Amino acid sequence: MSIETNKALVVQQFEAFNAGDIDGFANVMAEDAVNHAAVPQSQGRSGARAIATKLRRAFPDMKMVLEDVIAEGSKVVCRVTVTGTHEGPLEFVKFPLPPTGKSFRATHIHVYRVESGKIAEHWAERDDLAMLRQLGVLPEVRS
Amino acid sequence: MRAAVIVVLASSILIGGCATEARVQPTSADVCGKPKTEAEANKAAVLKMVQDFWEKKNPDSAVGGVYATDLVNHAAIPEAQGAEGMRTIGKKLFAAFPDLSMKVVDVTAEGDRVVLRTILDGTQTGALDFKKPVPATGKHVSIEQIFTYRFKDGKIVETWMTMDHLDMMKQLGTFPPRT
Chain D
81 MSIETNKALV
91 VQQFEAFNAG
101 DIDGFANVMA
111 EDAVNHAAVP
121 QSQGRSGARA
131 IATKLRRAFP
141 DMKMVLEDVI
151 AEGSKVVCRV
161 TVTGTHEGPL
171 EFVKFPLPPT
181 GKSFRATHIH
191 VYRVESGKIA
201 EHWAERDDLA
211 MLRQLGVLPE
221 VRS
Chain A
537 MRAAVIVVLA
547 SSILIGGCAT
557 EARVQPTSAD
567 VCGKPKTEAE
577 ANKAAVLKMV
587 QDFWEKKNPD
597 SAVGGVYATD
607 LVNHAAIPEA
617 QGAEGMRTIG
627 KKLFAAFPDL
637 SMKVVDVTAE
647 GDRVVLRTIL
657 DGTQTGALDF
667 KKPVPATGKH
677 VSIEQIFTYR
687 FKDGKIVETW
697 MTMDHLDMMK
707 QLGTFPPRT
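So the protein sequences, as listed, match chains D and A. If you count the first sequence from 1, position 111 lands on 191 in my numbering, and the numbers rise without skipping. If you count the second sequence from 1, position 46 lands on 582 in my numbering, and the numbers rise without skipping.
Calculated from the structure, these hints are not laboratory results. Zero decoy hints are in this set.
One side only, chain A facing chain D, incomplete, derived with CB under 8 angstroms: (1) T644; (2) V651; (3) E680; (4) Q681; (5) T684; (6) W696; (7) D700; (8) H701; (9) L702; (10) P712.
Straight-line alpha carbon distances no greater than 25 angstroms define the calculated SDA-like cross-link-like pairs of lysine to any residue that follow: (11) D:K87 <-> D:D148; (12) A:K668 <-> D:D208; (13) D:K182 <-> A:M705; (14) A:K627 <-> A:M704; (15) D:K87 <-> A:R686; (16) A:K593 <-> A:A616; (17) A:K639 <-> D:H116; (18) D:K87 <-> D:L146; (19) D:K198 <-> A:D642.
Here the structure is a predicted model, which means the values were calculated and not measured. Glycine included, each C-beta is placed from N, C-alpha and C at the ideal position.
With the sequences and hints as input, model every part of the structure.
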């Protein structure tokens with residue numbers, strides 16, 4: 081697989097997410113994909129499907145805009161600006177949150193490893209603290 | 537196109553006589569044993585910077601060599617921009633975490649970009665003198681970060697970093713914050 085093919089696969093997943101196409105989002109993942117950014121019970125393709133479903137329920141207008149796509153060998157890195165309005169319950173294990181009606185904007189960097197035309201491994205760093213502050217669920221740190 | 541690339545590679549191998557891995561996009565600094573692509577040269581520069589900064593704990597020498605004076609650091613406040621801002625950040629980090637170390641776990645480079653996935657480990661025995669100060673907690677933290685660097689003319693001109701700040705606050709015991 082060329083790096084351009086790998087990039088196209090990852091970009092396709094972001095486009096599916098933004099369009100609310102959960103199947104399209106999940107289908108580019110390997111059945112047994114390892115997601116280092118997810119809890120143990122949300123691994124693999126089925127875990128990816130569950131995560132995307134929960135995100136779209138909590139933030140129906142959620143968009144991930146690709147700011148940068150960098151690839152080498154089997155890896156693809158994406159820097160992403162994420163925006164969304166919190167209109168439904170967020171049902172993540174780490175921070176369940178009833179809808180706040182507020183919007184957020186945060187930066188993520190995602191790293192993917194592609195194998196046999198599917199995403200086999202995923203790492204991410206997300207500024208969840210910035211997101212929670214903008215949703216108004218955390219007080220500002222004293223300055 | 538593919539045929540042309542193969543011809544170029546074959547020529548460079550035959551003429552150059554370098555028994556090295558075939559690479560495209562040779563630069564003018566294309567010498568046997570030296571990095572041959574922009575991405576490889578940038579990667580080597582970032583890894584040397586990390587070594588100087590984190591292993592030698594010497595922000596002054598590490599920053600001077602590779603960061604542009606007018607560096608744009610998207611992870612830093614407006615008062616801490618440029619190479620000088622990076623020196624200040626480094627000194628403040630080492631004052632708060634004297635044993636701070638950074639392990640590079642993954643490197644990805646393409647064109648003018650280099651990405652590092654890293655793990656920062658340290659014990660906060662001193663006050664962290666950032667804009668939002670954190671008094672010494674005595675706590676040990678282990679935090680994963682991902683850095684993206686953009687190079688121009690051999691210098692880092694722009695950098696982005698993301699990390700789980702929430703996780704760091706939890707590890708330092710400063711979460712939830714006092715109101």
